[in-house]
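There are 2 protein chains.
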Amino acid sequence: MVATIRISEIFGPTIQGEGALIGQPTVFVRTGGCDYRCSWCDTLHAVDNEFRHDWTPMSAEDVFADVEKLSGGVPIMVSLSGGNPAIQPLGGLINLGHAKGYKFALETQGSIVKDWFADLDVLTLSPKPPSSGMDTDYDLLTECITRAGDNVDISLKIVIQDEADYLYARQVSARYPELPIYLQPVNHTPPPVDNMDEKIDIDGIMSRMRWLVERAEQDQWRDVHILPQLHVLLWGNKRGV
Amino acid sequence: MVATIRISEIFGPTIQGEGALIGQPTVFVRTGGCDYRCSWCDTLHAVDNEFRHDWTPMSAEDVFADVEKLSGGVPIMVSLSGGNPAIQPLGGLINLGHAKGYKFALETQGSIVKDWFADLDVLTLSPKPPSSGMDTDYDLLTECITRAGDNVDISLKIVIQDEADYLYARQVSARYPELPIYLQPVNHTPPPVDNMDEKIDIDGIMSRMRWLVERAEQDQWRDVHILPQLHVLLWGNKRGV
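Top line first, the protein sequences correspond to chains P and F.
Take the first sequence: its position 34, counted from the start at 1, is 34 in our numbering, and no numbers get skipped.
Take the second sequence: its position 10, counted from the start at 1, is 10 in our numbering, and no numbers get skipped.
Note that these hints are calculated values from the structure, not bench results.
Each hint should be verified, as a subset may be incorrect.
Heads up, incomplete: computed chain F residues facing chain P, CB under 7 Å, no partners named [claimed, not checked]:
1) Ile15
2) Pro25
3) Val74
4) Met206
5) Met209
6) Arg210
7) Val213
8) Glu217
9) Gln220
10) His225
11) Ile226
12) Leu227
13) Leu234
Distance ranges between label pairs, derived from CB positions [claimed, not checked]:
14) P/Asp139 to F/Ala174: 46 to 54 Å
15) F/Leu140 to P/Gly133: 55 to 63 Å
16) P/Val241 to F/Val74: 35 to 43 Å
17) P/Asp115 to F/Thr56: 58 to 66 Å
18) F/Arg147 to P/Thr4: 49 to 57 Å
19) F/Leu140 to P/His98: 36 to 44 Å
Since this is a predicted model, take the numbers as computed values, not measurements.
All C-beta atoms, glycine included, are put in the ideal place defined by N, C-alpha and C.
Turn these sequences into a full structure, and let the hints guide you.
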């Protein structure tokens with residue numbers, strides 16, 4: 001039996017809108033299913049079981065064939081996202097892609113650990129702050145870092161809604177001082193799943209950004225990155241870009 | 001005689017809005033004077049000789065005292081900007097700061113080379129595309145890279161107004177394939193120097209970003225970064241942030 005990957009959507013090339021790879025061309029492979037259910041989740045269509053009938057079981061070969069087609073066969077960074085893509089068996093896909101010069105970046109909350117983390121090029125760990133309603137298992141988060149090892153570019157990315165979230169980010173950063181950390185204002189107008197075209201609130205995003213910049217400076221926090229979700233500024237909550 | 005630095009403004013901490021350090025806390029040291037006069041310059045107050053009476057000659061010690069005060073004595077990245085800061089004698093300032101744990105990033109068009117480039121932590125070379133009205137001297141640009149050497153993080157940042165600028169960026173990138181490259185839509189509504197509060201055109205910026213993302217993808221250009229001027233989104237053309 002071949003392990004299949006539960007796919008919500010494959011799209012791109014577009015640019016990565018978040019974190020360490022912001023602004024870089026990428027193809028997204030978004031898997032379906034998540035062990036979390038964050039209050040402000042902005043990709044419910046890949047998370048909520050209600051949408052499971054929209055998720056397609058695909059072989060690694062078929063997924064990579066789609067990636068190759070979208071990218072015209074020219075190697076690109078593949079962003080493995082979700083949902084929580086760590087649920088899926090992605091090791092085979094990574095090996096197929098590496099053989100052709102593609103690279104792979106995984107984004108996961110750090111609640112599920114896999115051996116294939118060591119095969120990644122980039123690992124973004126995004127443990128969820130208090131406003132998400134989720135708890136952080138630091139043993140598992142640490143194990144993600146350990147299992148990935150020294151050959152993977154690892155960074156932290158934390159969504160911030162409020163002061164409690166900010167303090168959480170400070171704590172996480174203090175636990176893992178060796179990891180670059182990216183703070184990102186929460187998408188405070190996540191899309192209703194039936195209307196992705198709704199106008200976003202750019203002024204609200206920027207005012208949250210300014211608050212975060214000032215808040216970090218109050219603590220003289222200097223080795224931090226504060227970035228908006230660039231794709232939301234560019235395309236709103238539209239899917240597939 | 002002590003060499004003085006011609007200062008236009010020193011401000012921060014704020015976050016770096018452009019290029020490789022986007023989103024990172026920094027203090028700006030903006031020097032006055034420029035050997036270029038780009039058509040779309042958005043810092044004329046530090047470029048045009050008309051404003052030279054607003055520029056203050058300061059010793060490296062006095063500049064660093066201001067940086068230390070602004071940063072509360074907690075080391076931070078110092079962004080050396082202009083005008084063209086390569087005109088100024090900045091080696092002493094860099095040494096003073098390094099002794100206290102500060103880091104230094106220089107942004108320059110690459111038309112003037114100094115030995116102290118080798119002492120920088122970060123060097124952003126921003127040769128100017130055709131729409132600027134300026135010409136690129138590639139011998140000098142190459143010499144900047146050589147003089148900085150292997151211990152400096154060097155990247156290219158190119159402002160893009162139109163197709164000719166984009167093709168120029170492609171050429172520059174092909175000449176220096178080892179350097180990360182950042183493309184940035186031109187600030188198409190640069191501030192009149194007497195009214196920094198004028199509303200910026202966010203929709204225009206984002207539509208230029210989308211064009212650039214699509215343009216790069218037409219060429220299947222994959223090792224590129226496409227980023228807006230984050231500080232303009234956050235604070236408009238206001239000075240001192």
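> Taking each numbered hint in turn, which are not upheld by the structure, reported in ascending numerical order?
Replying inline: none
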